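Enquirer: Sequences listed follow chains A and B, in order.
The working numbering applies: residue 1 is where the first sequence begins, and numbers increase by one.
The working numbering applies: residue 1 is where the second sequence begins, and numbers increase by one.
No lab work stands behind these hints: they were computed from the structure.
Quantities reported herein were computed from a predicted structural model and do not represent experimental measurements.
You may find that some hints are simply not true.
Unchecked claim - Listed below are several chain B residues computed to face chain A (Cβ distance under 8 Å; list not exhaustive):
id: 1; residue: ASN77
id: 2; residue: VAL78
id: 3; residue: GLY121
To be verified - With a straight-line Cα cutoff of 30 Å, these simulated BS3-like cross-link-like pairs (lysine-lysine) come out:
id: 4; chain 1: A; residue 1: LYS238; chain 2: B; residue 2: LYS88
id: 5; chain 1: A; residue 1: LYS238; chain 2: B; residue 2: LYS82
id: 6; chain 1: B; residue 1: LYS82; chain 2: B; residue 2: LYS119
Positions of the beta carbon are idealized from the N, C-alpha and C atoms, including for glycine.
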Amino acid sequence: MTTTETHETTPVIPLPEAGARLALAVGAAATLASTFLSWTYTTDFPGDLTVTGYPGGLQVLTLIGAALTLVYALATFGVRGLGWLNPAGTFTPVLLLALGTFATTWYTVIAIAGELGGIVNLEPGGFIAAGASLVALLAALGLPLPRDTDPTSSRFTRATAPIFGTAHGRLKQPKALNTWAEIGIIIVAFAIGLFVAAYGIDTPYGELFVGFLIITGFAFGAIARAGLTTRLSALTTKHRQVTVGAAFAAAAAFPFTQDTDEFTLLAVSILIFATVALGLNVVVGLAGLLDLGYVAFLGVGSYTAALVSGTTASTFDVKFPFWAAALTGAAASLIFGVLIGAPTLRLRGDYLAIVTLGFGEIFRIAMGNLDGTSGPNITNGPNGIPNIPDLKLFGYDFGAEHTLAGFTLGSYANYFWLMLVCTAIVVTVFARAGNSRIGRAWVAIREDETAATAMGINGFRVKLIAFALGATLAGLAGTVQAHVQHTVVPEMYVFAGPVPPSSAFLLAAVILGGMGTITGPLVGATLLYVIPTKLQFLNDYQLLFFGIALVLLMRFRPEGIIANKRQQLEYHETDQTAVPEDTTLPPGTVGVSKAGA
Amino acid sequence: MTTNTTTQAAPGTPVLEASGVTMRFGGLTAVRSVDFTVNAGEIVGLIGPNGAGKTTFFNCLTGLYIPTEGTVRYQGNVLPAKPHLVTKAGMARTFQNIRLFANMTVLENVLVGRHTRTKEGLWSALLRGPGFKKAEKASEKRAMELLEFIGLEGKRDHLARNLPYGEQRKLEIARALASEPGLLLLDEPTAGMNPQETRATEELVFAIRDMGIAVLVIEHDMRFIFNLCDRVAVLVQGEKLVEGTSDVVQADERVVAAYLGEPFEGAPGDAEIAEVEAAENGADTPGTTSTKGDTP
Chain A
1 MTTTETHETT
11 PVIPLPEAGA
21 RLALAVGAAA
31 TLASTFLSWT
41 YTTDFPGDLT
51 VTGYPGGLQV
61 LTLIGAALTL
71 VYALATFGVR
81 GLGWLNPAGT
91 FTPVLLLALG
101 TFATTWYTVI
111 AIAGELGGIV
121 NLEPGGFIAA
131 GASLVALLAA
141 LGLPLPRDTD
151 PTSSRFTRAT
161 APIFGTAHGR
171 LKQPKALNTW
181 AEIGIIIVAF
191 AIGLFVAAYG
201 IDTPYGELFV
211 GFLIITGFAF
221 GAIARAGLTT
231 RLSALTTKHR
241 QVTVGAAFAA
251 AAAFPFTQDT
261 DEFTLLAVSI
271 LIFATVALGL
281 NVVVGLAGLL
291 DLGYVAFLGV
301 GSYTAALVSG
311 TTASTFDVKF
321 PFWAAALTGA
331 AASLIFGVLI
341 GAPTLRLRGD
351 YLAIVTLGFG
361 EIFRIAMGNL
371 DGTSGPNITN
381 GPNGIPNIPD
391 LKLFGYDFGA
401 EHTLAGFTLG
411 SYANYFWLML
421 VCTAIVVTVF
431 ARAGNSRIGR
441 AWVAIREDET
451 AATAMGINGF
461 RVKLIAFALG
471 ATLAGLAGTV
481 QAHVQHTVVP
491 EMYVFAGPVP
501 PSSAFLLAAV
511 ILGGMGTITG
521 PLVGATLLYV
531 IPTKLQFLND
541 YQLLFFGIAL
551 VLLMRFRPEG
561 IIANKRQQLE
571 YHETDQTAVP
581 EDTTLPPGTV
591 GVSKAGA
Chain B
1 MTTNTTTQAA
11 PGTPVLEASG
21 VTMRFGGLTA
31 VRSVDFTVNA
41 GEIVGLIGPN
51 GAGKTTFFNC
61 LTGLYIPTEG
71 TVRYQGNVLP
81 AKPHLVTKAG
91 MARTFQNIRL
101 FANMTVLENV
111 LVGRHTRTKE
121 GLWSALLRGP
131 GFKKAEKASE
141 KRAMELLEFI
151 GLEGKRDHLA
161 RNLPYGEQRK
171 LEIARALASE
181 PGLLLLDEPT
191 AGMNPQETRA
201 TEELVFAIRD
211 MGIAVLVIEH
221 DMRFIFNLCD
231 RVAVLVQGEK
241 LVEGTSDVVQ
251 ADERVVAAYL
261 GEPFEGAPGD
271 AEIAEVEAAE
281 NGADTPGTTS
291 TKGDTP
């Protein structure tokens, strides 16, 4: 519980509140207006920022940020009809949005000056935008913000309190809505989500993507601080099936937003990566087994599907229909999972991590050597298995273009939908297995293995089931991957590599997104795939910035982007909501344990 | 509340028979050849000074340790040395330092205790047939009964870690009861409790006995033990010193000695003092020590 005595709301910059409000509104409005001006003289900077009267490229992002700031400022000042935007009623969302707008605008201006070689390249519109956004930010800092005056908290905590001060527990009671309105809200939320995600994936140049990241990051933070995500998650728990339906509908609609195949292929790769990450979440998130060689199971599935796909490069002269190939791939992964798991799952913790790491490497190297010289020729060695044919299901050719309701859809759209079905299967398996006797046993093993066995759980058996299930799901995803990529080579299944589906990236996706949740790994995988792809313009610094981003995220949100209920409480014990009583235990509970007890 | 313990023995017949249980860790013998019996419907106490081997003995009984020698029988059958099989056979335990699943809810903790008494595997969880739903519902009903029994039904959705200390102890007992045991082993159930909570625990243990479950309890609170137990065994340095009713144990001089030390026979002996001083003066001036009448 937050100790209210040490939290107060005062401005960071001492300004009269009425003046700060006015300055904020004027600053945001001026920023908004400035996006219609020309910011630079030439069209050398990507996105056309030279046109007066029509915002383009990064200006659109500034426009959105300024508009949101203005709307939230008005909502917080008590304008009727906007109150629902900010149930928490604090000024933190306004500050975050002003900060986001400021950062986007200044990033743009600095990028123009930097890339074109000097401030002279800026038109007056650029200066106006920079100045106006700075005014809005300073004015936002002049509003009463939550402050931490507790002398025991670190200087850093105190400095960041206006941003990280919590909005929980003080939400205004929502008005009762009828069911259809609630469902409508969920659908609108997912439609916005689809639009934002599609915009991010489609960003044609790196600068725009950076701007997109800045503004969405701050806007998401603002919405969360305003209490809207809490509100939305209450609605989604109430209408579970609608939510799941809307989520998949939004995802399935993605190919329709695309003109070319380029970004659909990116979306398929993201889906494969996300699905495998969700499979890994069974092993890591639920059962608590650290598996560092998980990508090998994806490889087993891919290789199996490739070998039975009927390609001329395969050493087996067979051609399975896809359903049979998918089952074979999943079964092969299952067998490998049991073979690896049976001897190693008796180990605890670190030892298991080392053994799985070893297995992952063994798989890759073995696939590279089964080429006829150092072993039997099964996999063509480092050359891999090329020319995997496109799928044909019930006469429907996945490799061809199709026209649907006036939209021309490339071949990857077909694979996208196939992969989406695969994702749906994995999501269902995860949800059902997690919420059952076996799922509870996994969590119990993760929490305290000794106590779990004393409660009658056969630790080894239960862990083996988790391991085998995780392997099977990865194998299933692998069978689709083989057809999407048309080729399978050993170097796709490394521990850590530049292209995401590697064991380290999978683990990062799970931890970054939120262990033990369904949405967490999906979101984490999406970010981990998109960000490095879009940051390629940074060249050598790409990994550096990526690493910094990961470190910052883990510092501020150790439970992951989407926290599950348990971890949220675990990492933020000071501001938990659902705990009526004092949570501190008497010192006796931390007593020294006797051996084995 | 109804009980449906898997196997209920008639009162008076032995539920647990340990014979010649010895546990050695390298050169250290923690438990030495202990014979021990718990009969159906009994509450038996196990006491002893710190380090006497009580918890080690518990761990031998419940399969966490494999005894170096000796056998443990539950209702006549030799118990396998695997904790989950021991629980399945019908012996459930709590831990000296609370070992709840801290990040699971109160209800989930009890449901985990139901693990051995339910059968639904992965397939039925994935297919969600009518059998699965029925079993889940029955498990939840039974778990709620147990939560009502210990008085935590209002906190079913709290995380176990957020419960007050006394309630965590109770929840651990409820979790153990969920496995429908014939014998419940409690390792210091009142450690860290205030007198009121201790008395409540006492009532709880009696209620458990009335459900037809035999109870074996380790405890340092003598009042608690002697109020509660039909029989008390004393373990000292890994060996069973004495076993009997409260009166017998309380009257036994060896027990007092084990807890408080041996009383001196008469005045401190001159010979001993001389010995000490001789040692102190040591090699410098051998033979020059004189005996004094009183201790310094």
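Enquirer: Failing hints, ascending?
Expert: 1, 2, 4, 5
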